[in-house]
Amino acid sequence: MDKFTRVTGIVVPLRRNAVDTDQIIPAVFLKRVTKTGFDDALFANWRNDPEFVLNQPEFKGAKVLIAGSDFGTGSSREHAVWALRDYGFEAVLSPKFADIFRGNSGKQGLLTGVISEADCEKLWNAVEANPGIEITVDLPSQTATVGDLSVSFDIDEYTKWRLLEGLDDIALTLRDEQAITDFEAKRPAWLPQTIPARQS
Amino acid sequence: MTSPRTLAEKVWDDHLVAKGENGNPDLIYIDLHLVHEVTSPQAFDGLRLANRPVRRLDLTIATEDHNTPTINIDKQIADETSRIQIETLRKNAAEFGVRIHSLGDIEQGIVHVVGPQLGLTMPGITVVCGDSHTSTHGAFGAMAFGIGTSEVEHVLATQTLPLKPFKTMAINVEGTLRSGVTAKDIILAVIAKIGTNGGQGYVLEYRGSAIRALSMEGRMTICNMSIEAGARAGMVAPDQTTYDYLQGRPHAPQGTDWETAVAYWNTLATDEGATFDAEVFLDANDLEPFVTWGTNPGQGVSLSDVVPSPGDFSDAGERAAAERALEYMDLTPGTPLKEVPVDAVFMGSCTNSRIEDLRQFASIVRGRKKAEGVRVMVVPGSARVRLEAEAEGLDKIFEEFGAEWRFAGCSMCLGMNPDQLSPGERCASTSNRNFEGRQGKGGRTHLVSPLVAAATAVRGTLSSPSDLEGGN
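Sequence lines, in order, name chains A and B.
Following our numbering, the numbering of the first sequence begins with 84 at its first residue and continues without gaps.
Following our numbering, the numbering of the second sequence begins with 69 at its first residue and continues without gaps.
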């Protein structure tokens, strides 16, 4: 997982509350066998509507999403994060995220910053007044800046540290690799081994 | 001098790679990782994206079970999703070097049947698999639990998992089972008693004379359904029954290794004076054949009972759940369960598809004919179980009875392959989940033991062997 310091790019205002993971990625896409290639699945049902914000040419190539409260509720599917990442989003700002979605995001390098309802409204207004404008989301200072408007966002210290260091769960464990290797050296030889295969 | 510990605590302590500090999880070593086609594709893809290898190929083994057809196994799999998942597992196994037993291979079968059969499942080890019924392997005194796809990737890459310690719960089952009452009835009664969330956060340890008297197959049936009581793992302390089952299996320790292993395994049982966080008691003497009437495995009663009424439940949530369940199951309160007719009988699944289960089923249907209009499907847990059954002539008994004798797989337990119920069909099933639509959209499932499944197939209504003319 890449280290996250700051992202600058086009920002999309998603004026909807309680966007659940079934909206982020409908269940029909869960049958796939890869972790990537979900960009077409993101908000698939809403994207059938030509008026939907992601269908507007000004927002092509967007990297940051500003959504209403309770983003990512519902099913625990990790595919929701994969779909946002595959589409190109690197950060989502919202007044409130569902817990499991937020946990999944932090583990996969997608920044989820909590902003106040008032700041959310201000950001939406600023972006809608100037569609296609860029935002800078800076993790060390926990600020998001659009033109003259700068707001702060919350993120827990642990997730912030992981994003700054670029540590996914596996990388985090592998910081203890010496301990794993030491443990392995002490395992008795009679423990089960699948290779070489022995037939009955 | 260490304080007295439970079986689960001993296994945990012996797998501690790093102790978590400040409320962080412990890092636990995983001795055996079982892999199947449904929950592994994205885990392998994650490794590929991060350019990581499988850390311990020698502790990893894959088989195909959830999607595999149980007839025409030499033909191409018709369903595209099923085919892609299986092809993906084969490609991933080849690319990363994982041992795999594919459809048609003699060691193929339900992952929780294959591990013990090969002698890979042993006392005192940690076992994981991307499947909630991994708890099955706890029958050997292993700590075994299901994990999600991210955790599958984590184990493939590191052979460890960060875990917070579980609480411990003793399930004490004392007494002697009556004839016709089996391990399946014990676990259905336990779940009915503690509820589908009763075990949440706990490792269950099944103890007592009734558990000690069970075969390994019976213990596996019980541990298998620990998850249906909300527990991620269930365990039975290893004893001579365990060793007799294990000795001589392909991957079991041999020679002096065997002696060393047994000496260690004998230290694993819960110490005298060790305390559990919770305890439950069940009298085996009183137990009757059990059956579920609702849509979760906790909604069960004795087969000699009647369909309960929602008014029987004092808890408002349970009452509402019962109302919904009875509507879905199309059952009227007060109806004797033995008068409920079935359309199908499914004998199989990781709960009950081992050779002993098939022998029990055969002991009832031998020389009989199935009830008219009832579809009976017998699905062995593995290719080896199938061969073993055929060597004993069980296949002939099933076929003469009028049952379909199939190839190994998860089959109608969850209907990911074409083995499904039609809407409205009612099934007596030896599997583990009676959720709405589990065995096919609109299908109605009654969980039962192999003996009850067999007697039901004979009479066409939910029945125990003692209901049959000429007895059992």
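The set of hints was computed from the structure by calculation and includes no laboratory data.
Misleading hints may appear alongside valid ones.
[To be verified] Residues from chain A shown here face chain B by an in silico Cβ test under 10 angstroms; the list is partial:
#, residue
1, 215
2, 266
3, 281
In this text, all values refer to a predicted model and were calculated from it rather than measured experimentally.
No residue lacks a Cβ here, since even glycine has one placed at the ideal position from N, Cα and C.
Hint check:
Against a cut-off of 10 angstroms between C-beta atoms, the interface hint on residue 215/A is violated, since the closest Cβ of chain B lies about 31 angstroms away. Given the 10 angstroms rule on beta carbons, the hint for residue 266/A holds: about 5 angstroms separates it from the nearest Cβ of chain B. With a cut of 10 angstroms, the hint placing residue 281/A at the interface with chain B holds, because the nearest CB-to-CB distance is about 4 angstroms.
Of the numbered hints stated above, the single one contradicted by the structure is hint 1.
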